[in-house]
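Participant: Sequence:
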Amino acid sequence: MKSRIIAVLALLLSATLLLVGCSSNDDDTGGTSASGTEKVTLTVFAAASLKNSFTALAEEFSQDNPDIEVKFSFDGSSALVTQIQQGAPADVIATADEKNMAKLGDAVSDPQIFATNVLTIVTQPGNPKNIQSLADLTKPDVSTVICAVDVPCGNATAQVEENTGVDIKPVSEETAVTGVLTKVQTKQADAGLVYVTDAAGAGDTVTAISDPAFAAVVNTYPIGVVAASENKEAAQKFVDMVLGPQGAALLRSMGFGPAS
Numbered sequence: 025m026k027s028r029i030i031a032v033l034a035l036l037l038s039a040t041l042l043l044v045g046c047s048s049n050d051d052d053t054g055g056t057s058a059s060g061t062e063k064v065t066l067t068v069f070a071a072a073s074l075k076n077s078f079t080a081l082a083e084e085f086s087q088d089n090p091d092i093e094v095k096f097s098f099d100g101s102s103a104l105v106t107q108i109q110q111g112a113p114a115d116v117i118a119t120a121d122e123k124n125m126a127k128l129g130d131a132v133s134d135p136q137i138f139a140t141n142v143l144t145i146v147t148q149p150g151n152p153k154n155i156q157s158l159a160d161l162t163k164p165d166v167s168t169v170i171c172a173v174d175v176p177c178g179n180a181t182a183q184v185e186e187n188t189g190v191d192i193k194p195v196s197e198e199t200a201v202t203g204v205l206t207k208v209q210t211k212q213a214d215a216g217l218v219y220v221t222d223a224a225g226a227g228d229t230v231t232a233i234s235d236p237a238f239a240a241v242v243n244t245y246p247i248g249v250v251a252a253s254e255n256k257e258a259a260q261k262f263v264d265m266v267l268g269p270q271g272a273a274l275l276r277s278m279g280f281g282p283a284s
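Just so you know, my numbering puts 131 at position 107 of the sequence shown, and the rest follows in order with no gaps.
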């Protein structure tokens with residue numbers, strides 16, 4: 025009887041050790057790549073107008089760099105700059121203008137221009153208000169949404185208004201270009217001023233109308249490694265891809281203009 029009890033206890037102990045071993049192996053795989061090396065998580069702060077293009081770029085980047093995981097924070101450029109100034113952890117920042125990037129000074133290492141963009145008008149599908157030009161946005165029966173002046177799309181809008189003498193009376197001013205697009209798509213406004221890339225990305229949910237005045241106001245997009253980053257090597261790899269031919273080709277395919 026005693027030997028039988030000992031045998032049962034031995035079996036239970038073996039089973040317990042086997043379970044512990046499996047649990048230990050599962051823990052070892054967490055946070056590692058297929059090659060067994062520890063994964064680096066890269067945090068990229070990017071202007072809202074870069075969401076579609078940078079998400080696609082990250083997919084290509086991850087294929088080439090399986091040991092690096094890219095996570096994004098998309099927002100208006102001014103909001104991203106403020107967050108970094110207040111200590112938010114980030115490895116890379118890309119803004120929709122040089123003005124906001126300049127506010128970070130030495131907090132970003134050698135930012136470089138990687139793309140350009142211009143504005144366009146978007147309306148609800150089919151352009152029911154028959155908007156043909158920038159001046160039509162001043163009609164009393166046309167409700168228009170624009171970006172707030174402290175974000176790049178808003179600053180560009182203000183420059184276009186100054187150049188043309190057109191004075192738009194918006195029903196709201198948004199903190200990011202995606203907010204403008206959403207309000208037109210959800211029929212909260214008849215029209216909005218967004219980047220050509222946003223209009224292209226929206227597909228048939230909006231109708232885009234250009235105006236010759238937009239060509240005179242070009243937004244330049246800089247990108248750089250955040251000086252406080254703890255993943256500078258991985259961050260520089262991402263920046264290099266954006267600046268290189270692979271990034272340039274994808275950005276052009278989504279409607280962005282060349283860096284120069």
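Derived from the structure by calculation, the hints contain no laboratory data.
Hints are not guaranteed to be accurate.
As the list claims (entries may be wrong) - In the DSSO-like style, the derived pairs of lysine-lysine whose C-alpha atoms are separated by at most 27 Å in a straight line are:
| # | residue 1 | residue 2 |
| --- | --- | --- |
| 1 | 207 | 163 |
| 2 | 123 | 211 |
| 3 | 256 | 207 |
| 4 | 127 | 261 |
| 5 | 63 | 123 |
| 6 | 153 | 163 |
| 7 | 211 | 127 |
| 8 | 207 | 153 |
| 9 | 211 | 193 |
| 10 | 127 | 163 |
To be verified - For each label pair, taking beta carbons as the anchor points, the in silico distance ranges come out as:
| # | residue 1 | residue 2 | range |
| --- | --- | --- | --- |
| 11 | 159 | 95 | 20 to 28 Å |
| 12 | 165 | 84 | 44 to 52 Å |
| 13 | 63 | 195 | 39 to 47 Å |
| 14 | 267 | 159 | 23 to 31 Å |
| 15 | 212 | 133 | 24 to 32 Å |
| 16 | 276 | 133 | 24 to 32 Å |
| 17 | 196 | 268 | 35 to 43 Å |
Since the structure is predicted, the reported quantities are computational estimates derived from the model, not experimental observations.
In this text, a Cβ means the ideal position worked out from N, Cα and C, and glycines have one as well.
Participant: Hints numbered earlier in the text: which of these fail when held up against the supplied structure?
Facilitator: 2, 3, 5, 7, 10, 11, 14, 15
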